[in-house]
Amino acid sequence: MPSSAGPSIDTITEGGRVTQVGEGQEAEESAPQVMTFGAPTAGEILAERYELVEHINNDSAGRLVWRGVDVILRRPVAVVLRYPGGDSATEMLQGAVAASRVIHPNLVGVYDAIDEAERAYVVREWVDGQSLRELVTDGPLDPARATTIGNAVASALAAVHATGMVHGNVHPGTVMISDDGRVVLADARTDGADSQQSDVRAIGGVLYFALTGHWPHAEAPLRGATAGHGRAAIPDAVRDAAGAIAAPRQVRAGVPAYLDDLTMDLLDAEIEPPSSDVLAAELARLDVPADEQFLDNAGPLRFAADTGEEPSPLAAAGGRKVAIGIASLLAVALVGLLIGITALGGGDDDPQTNPVAAPSSNAPAGDATPAAITVGPLKISTARIIDPEGDRTEVRNADKVHDGDEDEGWETQTYRGRANFGNLKKGMGVWIDLGGEHTVKSVQVLLSAQGASAQLYAGTTNRPSSSSGDAQLFADYKKTAIGQPFEEHGGTKMTFNGFNADQKYRYLLFWITELPSSDGGYKLGVQEITVQGS
Numbered sequence: 000m001p002s003s004a005g006p007s008i009d010t011i012t013e014g015g016r017v018t019q020v021g022e023g024q025e026a027e028e029s030a031p032q033v034m035t036f037g038a039p040t041a042g043e044i045l046a047e048r049y050e051l052v053e054h055i056n057n058d059s060a061g062r063l064v065w066r067g068v069d070v071i072l073r074r075p076v077a078v079v080l081r082y083p084g085g086d087s088a089t090e091m092l093q094g095a096v097a098a099s100r101v102i103h104p105n106l107v108g109v110y111d112a113i114d115e116a117e118r119a120y121v122v123r124e125w126v127d128g129q130s131l132r133e134l135v136t137d138g139p140l141d142p143a144r145a146t147t148i149g150n151a152v153a154s155a156l157a158a159v160h161a162t163g164m165v166h167g168n169v170h171p172g173t174v175m176i177s178d179d180g181r182v183v184l185a186d187a188r189t190d191g192a193d194s195q196q197s198d199v200r201a202i203g204g205v206l207y208f209a210l211t212g213h214w215p216h217a218e219a220p221l222r223g224a225t226a227g228h229g230r231a232a233i234p235d236a237v238r239d240a241a242g243a244i245a246a247p248r249q250v251r252a253g254v255p256a257y258l259d260d261l262t263m264d265l266l267d268a269e270i271e272p273p274s275s276d277v278l279a280a281e282l283a284r285l286d287v288p289a290d291e292q293f294l295d296n297a298g299p300l301r302f303a304a305d306t307g308e309e310p311s312p313l314a315a316a317g318g319r320k321v322a323i324g325i326a327s328l329l330a331v332a333l334v335g336l337l338i339g340i341t342a343l344g345g346g347d348d349d350p351q352t353n354p355v356a357a358p359s360s361n362a363p364a365g366d367a368t369p370a371a372i373t374v375g376p377l378k379i380s381t382a383r384i385i386d387p388e389g390d391r392t393e394v395r396n397a398d399k400v401h402d403g404d405e406d407e408g409w410e411t412q413t414y415r416g417r418a419n420f421g422n423l424k425k426g427m428g429v430w431i432d433l434g435g436e437h438t439v440k441s442v443q444v445l446l447s448a449q450g451a452s453a454q455l456y457a458g459t460t461n462r463p464s465s466s467s468g469d470a471q472l473f474a475d476y477k478k479t480a481i482g483q484p485f486e487e488h489g490g491t492k493m494t495f496n497g498f499n500a501d502q503k504y505r506y507l508l509f510w511i512t513e514l515p516s517s518d519g520g521y522k523l524g525v526q527e528i529t530v531q532g533s
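Residue 175 in numbering that gives the first Met the number 0 sits at position 176 of the sequence shown, and the numbers go up by one each step.
Read the hints as simulated data drawn from the structure, not as lab findings. Small disclaimer: the values here were computed from a predicted structure and weren't measured. Check each hint, because a few of them may be wrong.
Claimed, not checked - Subject to a maximum C-alpha distance of 27 Å in a straight line, what follows is the list of computed DSSO-like cross-link-like pairs (lysine-lysine):
1. Lys492 with Lys522
2. Lys478 with Lys378
3. Lys399 with Lys492
4. Lys477 with Lys399
5. Lys492 with Lys503
6. Lys477 with Lys425
7. Lys503 with Lys477
8. Lys503 with Lys478
9. Lys424 with Lys477
10. Lys522 with Lys477
11. Lys378 with Lys503
12. Lys425 with Lys492
13. Lys492 with Lys478
14. Lys425 with Lys522
15. Lys503 with Lys399
Construct the entire structure; sequences and hints are all you get.
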């Protein structure tokens, strides 16, 4: 328990450069300060594990952000304390628990969430760097860097949305850029008013802020901010007499028309935004090395890359789309084109220095530009059930996972007692053969129920269908995981990305470790598996 002695909240000073503002906008004089008992002090150890080292700043909701250290694992952590705890801290704690279930290189890792009644606190990854809000105080970012940041945020949201969850708190204060260039999203704070669509629209706000230094939603202050605090912290967008915001190109020179259009479309409430994974794919397509960027001056100004690829259809639109019907048609075309353009949510630690691979532009003069590789559904040649520790009674009907009928599939037996197959085996899965080596972009698995946990693996061997053959196959495959595991997945669709674009794949294994509850036991059906690639 904390000591009641020590300095009051008003006398705590910030130490050095603020590095952890990602929990929200940095507090100003008007930020609420709520304290029900003595303030935390440097050297205090929380939960017999997390030592407080230095008070860094307070966020807009009056929560205290401390730099600390996990004395068990000896790693730096950020500790966000809220006074009081109890019911008033429910949203913060629930958001932290939900965030801890999604692991992605563009999401801040959440380690712990504790409620002590008098106070509650969340322990998360320590990120040395700045929030986007701080970074832009030195001036708006160039289009390439703004695109990189937008891509990272969209990829993080795609991982969150794949689990059926919502982030609900995307803004320049929760987008953080580490000193090594990593872009991460922090502080999920979702409530009933949030949706995946509102998350995607918020990326438009982030892009607008990065390109202009102005926030397009200042009339609605950021969540947790006191009245007027959102306006004070970030300048409002330039507006006309009717209150409509100016487009980024009208605020500053050098913003490509295509990026301008994309940003304004995301902010337009009358234009339905794309899903986060489609938006991540489009931004990844534009995220090219700085020395390959140029402004194409042939016709309308648009963002392009010297990669040999044709620009997106939206790039050629050349200007703000004013007709909703045209925008809708373009959005449909974009979805069809972008499903396979790039692997979503990959494991790149640094989106600024690991751009999406593009075809070479160094073809001899006179040669035709190589045609873009067509990406689409890949045919599954064979499927079978892998059950190393079972009695072989559940290995039938594997062909139903790729027959095109989502109403029928393969299913496990009903297990009793525990979700991990009744504690009888470590797991079982569906092995698929693509019939040959392919470049794979993504795998989507449609399940019969919510609440399953699973992982996708890749391998190069085809073992005999037997208990020993299955055991050998799983031992071979578990060394190569694709993307992050889905733990306590809240939806019926699991999408796996993170395939190596330079590698060919033939054999994949969808491995199930936890079953959802069903009829007093635990059971799962795999209705359909689809693979995108070329």
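Hint numbers not upheld by this structure, sorted from lowest to highest: none
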